[in-house]
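Okay, here's what each chain looks like letter by letter:
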Amino acid sequence: MENTKSYWQENLRLIFICLIIWFVVSFGFGLLLVEPLNEFRLGGYKLGFWFAQQGSIYTFVGLIFWYTKKMNELDKKHNVEES
Amino acid sequence: MNKHTKIAIFVAPFLLLGGYIASDYYLESLAKTDKVFKLEPEGHCDVFNKKCVLTTGEMKVSIEQNQQNTVINTTYPIDEAILFVVNSEQDVTPYPMTMKQTPYYWQSETQLAEKLANKSDNVKLRIIVKYQGDQYIAQFYSQTIR
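Order-wise, the sequence lines are chains A and B. Positions 1 to 83 (the UniProt record's numbering) are the ones given, in order, by the first sequence. Positions 1 to 146 (the UniProt record's numbering) are the ones given, in order, by the second sequence.
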């Protein structure tokens, strides 16, 4: 029971981290901080614009793989990995 | 593909859609707030000789004297325009303008023709133009150059 609770707590922590990153790159970089970020350029594009158009989506895809990796590690730690 | 990858790939599009919808609401709420833009003269301003254009972005306001009437012409169909004449004691006389056939042209009878009739005469002016809740404001000088 304690093991299950710990697994779930760590799972929630990972989800929470993912949601914070999701919010920061989409809302934060793409909208709230778009003007200061536009002072910098990435590949010829203003950075704030780039985050709104592409950067946030790349980050979301990256988050999928990061979450999977961390969850697989968590499964191993709690001996519940898929056979 | 294990279960975590499947869950992450399944959830990601919903977060993406949620992000777009939330962004849309946020930008819509921003757009509803009224804004103030500062108009700047394009070069020298000479209302008496019909050479005075104020601009900011796509909004241009041309001001000219037509006998006793001061007439403004804008690039957008504005809702209201008020011209202020400031004298040397900094007293301000407002001239609310009335629409002249279309909302692109507004006019008001003013004393500018007398104040600017001679070469080198100059007057301090202010203008407020309202368009779709936004205000376009300027303080500038008109000087007669010929």
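No lab work stands behind these hints: they were computed from the structure. Nothing here was measured: the structure is a model prediction, and the numbers come from that model. A virtual CB, placed ideally from N, CA and C, is assigned to each residue, including glycine. Warning: the hint list may mix true and false statements.
[As the list claims (entries may be wrong)] What follows is a list of derived Cβ distance ranges for each label pair:
1) B:N73 / A:Y45: 17 to 25 Å
2) A:N72 / B:K38: 14 to 22 Å
3) B:Y76 / A:L12: 50 to 58 Å
4) A:L19 / B:T33: 22 to 30 Å
[Said to hold, decoys possible] Calculated pairs, PhoX-like style, for lysine-lysine (alpha carbon to alpha carbon, straight line, at most 20 Å):
5) A:K69 / B:K3
6) A:K76 / B:K6
7) A:K70 / B:K60
8) B:K100 / B:K35
9) A:K69 / B:K6
10) A:K70 / B:K3
11) B:K100 / B:K130
12) B:K60 / B:K38
13) B:K60 / A:K76
Here's how the hints hold up against the structure:
| no. | hint | in the structure |
| --- | --- | --- |
| 1 | B:N73 / A:Y45: 17 to 25 Å | violated, 38 Å |
| 2 | A:N72 / B:K38: 14 to 22 Å | violated, 57 Å |
| 3 | B:Y76 / A:L12: 50 to 58 Å | holds, 52 Å |
| 4 | A:L19 / B:T33: 22 to 30 Å | holds, 28 Å |
| 5 | A:K69 / B:K3 | holds, 12 Å |
| 6 | A:K76 / B:K6 | holds, 18 Å |
| 7 | A:K70 / B:K60 | violated, 57 Å |
| 8 | B:K100 / B:K35 | violated, 26 Å |
| 9 | A:K69 / B:K6 | holds, 12 Å |
| 10 | A:K70 / B:K3 | holds, 13 Å |
| 11 | B:K100 / B:K130 | holds, 16 Å |
| 12 | B:K60 / B:K38 | holds, 11 Å |
| 13 | B:K60 / A:K76 | violated, 67 Å |
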